[in-house]
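*Asks:* One line per chain: the protein sequences are X and F, in this order.
Just so we're aligned: the first sequence equals residues 56 to 555 in the numbering used here.
Just so we're aligned: the second sequence equals residues 6 to 236 in the numbering used here.
Just so you know, the hints here were simulated from the structure itself, not pulled from any lab data.
Treat the hints with caution; some may be incorrect.
For the chain X half of the interface with chain F, some residues (derived, Cβ under 10 Å), not all of them [what the hints assert, rightly or not]:
1. Phe209
2. Leu464
3. Pro476
Cβ atoms here follow ideal geometry from the backbone N, Cα and C, with glycine treated the same way.
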Amino acid sequence: MRWPGGIAAGLVIALTLGTLGAVAWRAGFALRLGPADWAAIRFTVWQAALSAALSVTLAVPVARALARRRFFGRAALVTLLGAPFILPVIVAVIGLIGVFGRGGLLNEALALFGLGPVSVYGWHGVVLAHVFFNLPLAVRLILQGWLAIPAERFRLAASLGAPVGRLLEWPMLRAVAPGAFAVIFLICLTSFAVALTLGGGPRATTVELAIYQAVRFDFDLGRAAMLAVVQFGLCGAAAMALRAAGAPETLGAGLDRVVERHEPGGRLIDTLAVALAALFLMAPLAMIVGRGLPGLLELPAGLWAAAARSIAVALGATALTLVMALALALRGGALARLSMLLPLAASGLVMGTGLFVVLHPVIAPRDVALVVTMLVNAVMALPFAARVLAPAVAQAEAGHGRLADSLGLHGLSRLRWLILPRIRRPLGFAAGLTAALSMGDLGVIALFAGDGQATLPLLMVRLMSAYRMEQAAGVALVLLAISLALFWAFDRGGRVDAAA
Amino acid sequence: MLRLERLEIRQGDFALSADWALGDGSICAVMGPSGGGKSTLLAVIAGFLAPQAGRVSWGGRDLTGLAPAQRPISILFQDNNLFPHLTIERNLALGLDPRGQLDAARRTEIARVLERVGLAGLGERRPAALSGGQQSRAALARVLLMDRPLVLLDEPFAALGPGLRMEMLDLAREVLAGEGRTLLMVSHAPGDAARIASDIVLVDAGRAAPPAAAAPLLADPPPALRAYLGR
Chain X
56 MRWPGGIAAG
66 LVIALTLGTL
76 GAVAWRAGFA
86 LRLGPADWAA
96 IRFTVWQAAL
106 SAALSVTLAV
116 PVARALARRR
126 FFGRAALVTL
136 LGAPFILPVI
146 VAVIGLIGVF
156 GRGGLLNEAL
166 ALFGLGPVSV
176 YGWHGVVLAH
186 VFFNLPLAVR
196 LILQGWLAIP
206 AERFRLAASL
216 GAPVGRLLEW
226 PMLRAVAPGA
236 FAVIFLICLT
246 SFAVALTLGG
256 GPRATTVELA
266 IYQAVRFDFD
276 LGRAAMLAVV
286 QFGLCGAAAM
296 ALRAAGAPET
306 LGAGLDRVVE
316 RHEPGGRLID
326 TLAVALAALF
336 LMAPLAMIVG
346 RGLPGLLELP
356 AGLWAAAARS
366 IAVALGATAL
376 TLVMALALAL
386 RGGALARLSM
396 LLPLAASGLV
406 MGTGLFVVLH
416 PVIAPRDVAL
426 VVTMLVNAVM
436 ALPFAARVLA
446 PAVAQAEAGH
456 GRLADSLGLH
466 GLSRLRWLIL
476 PRIRRPLGFA
486 AGLTAALSMG
496 DLGVIALFAG
506 DGQATLPLLM
516 VRLMSAYRME
526 QAAGVALVLL
536 AISLALFWAF
546 DRGGRVDAAA
Chain F
6 MLRLERLEIR
16 QGDFALSADW
26 ALGDGSICAV
36 MGPSGGGKST
46 LLAVIAGFLA
56 PQAGRVSWGG
66 RDLTGLAPAQ
76 RPISILFQDN
86 NLFPHLTIER
96 NLALGLDPRG
106 QLDAARRTEI
116 ARVLERVGLA
126 GLGERRPAAL
136 SGGQQSRAAL
146 ARVLLMDRPL
156 VLLDEPFAAL
166 GPGLRMEMLD
176 LAREVLAGEG
186 RTLLMVSHAP
196 GDAARIASDI
206 VLVDAGRAAP
216 PAAAAPLLAD
226 PPPALRAYLG
236 R
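Produce the complete structure using the sequences and hints provided.
*Replies:* Structure (structure tokens):
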């Protein structure tokens with residue numbers, strides 16, 4: 056069946072390139088960038104580069120320690136490294152504020168030494184949050200590189216007395232680090248929620264934040280459109296750089312092995328690297344719980360309605376993403392591959408702006424806020440779901456495609472008897488991933504939503520901008536619990552009774 | 006009658022030609038060195054690969070261009086002949102109807118065939134709960150159910166021990182060929198061919214030779230077959 060994949064590709068192209076066309080048309084195909092726009096572009100690129108460089112650099116000693124040491128809690132730490140991917144950004148921001156914010160752990164500690172308070176707001180807060188999110192990803196990617204070096208080579212190097220670092224590790228890092236840098240750079244280019252909550256002002260406004268402000272506060276659709284074109288160009292260029300650097304496998308498994316090493320020393324630095332990384336990751340997570348629990352006692356009105364909206368959007372987006380990813384995987388070919396990659400270059404805000412421009416003359420945007428959010432979330436999660444599902448579908452076809460052909464299994468019966476049963480686990484994982492990503496998404500909803508339409512992340516932002524941090528922390532805990540529960544339920548659903 | 010008319014198969018550097026016919030009810034072993042194209046020849050006959058030139062016909066009907074399932078052919082591969090996630094009964098049901106529907110009549114039919122291959126009462130199991138020999142029997146049972154006049158065996162029993170393999174070949178001869186079906190089987194072991202084949206097709210040096218009677222051929226092999234057999 057090729058037509059469902061065609062429809063999915065059409066939808067993806069309409070929502071990415073189509074919305075871009077709409078904003079370009081609205082912008083009059085002319086780029087007139089003012090000083091503030093240039094500042095936003097500079098900051099966007101600069102903070103993304105700095106965040107990526109810091110994440111990759113700091114990841115090297117941590118990955119090396121994880122690669123060569125076996126210690127209590129290593130497996131738990133590796134699992135924890137996967138957590139930020141499904142942790143809602145806005146929830147993590149609450150945790151970071153709990154550690155680095157005014158009245159946070161760090162400032163309390165500094166005060167003991169009579170040192171003045173540091174602020175988490177501003178460019179350094181944006182970079183800090185981005186490193187928090189992407190250091191784990193960088194560690195995972197580089198750890199994969201380390202574990203991919205065959206054990207025989209370490210043995211050979213040891214028997215020759217050759218320097219392992221120069222002979223094996225440096226070439227591996229040179230191969231792996233550029234891809235890791237490019238992936239993180241791209242992620243940081245499109246991160247909106249961090250800039251919204253920790254950035255802002257002339258020195259820490261990203262292009263996406265500027266788009267949001269242009270639509271939401273100035274209602275200057277022309278400027279928003281122009282910035283959206285710029286943002287798409289930035290992301291497109293970064294995505295192409297990523298392809299050139301060799302896109303790494305971001306969702307890889309099998310990190311539970313330890314490289315056997317034969318050179319002595321380095322124990323202290325390994326211990327230090329692991330301890331600091333664990334502290335940096337776990338302290339904000341602990342603060343989410345620590346600050347959230349008291350907040351649960353005074354949850355704001357409208358919480359459960361917002362939760363219901365978030366869950367509805369997440370479930371709708373999950374269903375749509377899975378259907379699209381499956382249709383594209385079954386169709387295959389260049390068009391399908393393009394559709395799986397395009398959303399990486401798009402940003403939710405750009406899509407939202409495009410839809411806003413298209414819908415605004417026809418219908419009040421707030422009337423379709425939830426549907427639009429669902430659509431955009433579905434498309435944004437597509438690359439991740441597709442990367443999980445496409446290899447599984449290919450494997451099912453490679454193993455049993457000929458058998459299915461010889462029996463005449465086509466269309467729905469092929470899907471029912473061959474494909475779906477063979478991809479249950481990845482399907483459950485992809486569903487969990489999509490649901491969690493969509494639950495935590497704060498982007499297009501901020502652009503569209505009216506007063507009574509907040510999702511949980513938007514409710515949190517509203518509480519935070521009203522300085523009701525305790526309530527926001529309570530909502531964060533609820534959001535985190537629902538996200539994890541959805542991820543767990545879907546992922547588990549794919550495993551239960553899954554036949555070999 | 007299976008007829009290969011001036012068949013030309015090319016894949017990159019690989020080339021194979023065939024131009025011959027095989028009588029109905031034959032049991033024909035396809036022999037020759039590895040990489041010679043035995044499996045490729047079967048894949049073309051079954052419809053998984055299109056030939057560059059020539060045609061495949063059965064009983065005067067041109068099969069070229071038909072999908073595998075539309076051909077009067079059933080095939081067993083080296084492995085993956087059963088869906089591991091489905092019960093044996095469901096696997097067999099797919100041989101009767103690609104939609105996999107089961108009703109009382111089909112259940113009875115499946116039970117009858119399972120009994121015939123010595124798997125009575127095992128329909129509810131998944132393939133992993135059966136031994137290798139039992140899995141082969143289940144695959145044979147599906148071929149039996151599909152009831153196509155030409156059966157291709159691409160070494161489906163290769164992973165079994167020699168004794169079990171002989172047992173399966175005897176079963177295949179008894180239940181498949183016994184009802185007048187034509188069998189075309191890839192074989193590495195001259196013993197297999199000697200045991201059940203009436204004819205042998207030698208695939209070597211880019212050509213699938215016409216079928217020749219098995220007994221005289223094995224008794225006095227031509228140079229190519231002699232080289233392959235190591236005699």
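*Asks:* Against this structure, judge whether each hint is valid.
*Replies:* Status of each hint after checking the structure:
Hint status for Phe209 (chain X) relative to chain F: violated, with the closest Cβ pair at about 35 Å, above 10 Å. Annotation: Leu464 (chain X) was flagged as interfacial toward chain F, and the flag holds, the nearest CB pair being 5 Å apart, inside 10 Å. The closest approach between the C-beta of Pro476 (chain X) and any C-beta of chain F is roughly 4 Å, which is under the 10 Å cut-off, so the hint is satisfied.
The structure fails hint 1 only (numbered hints given earlier).
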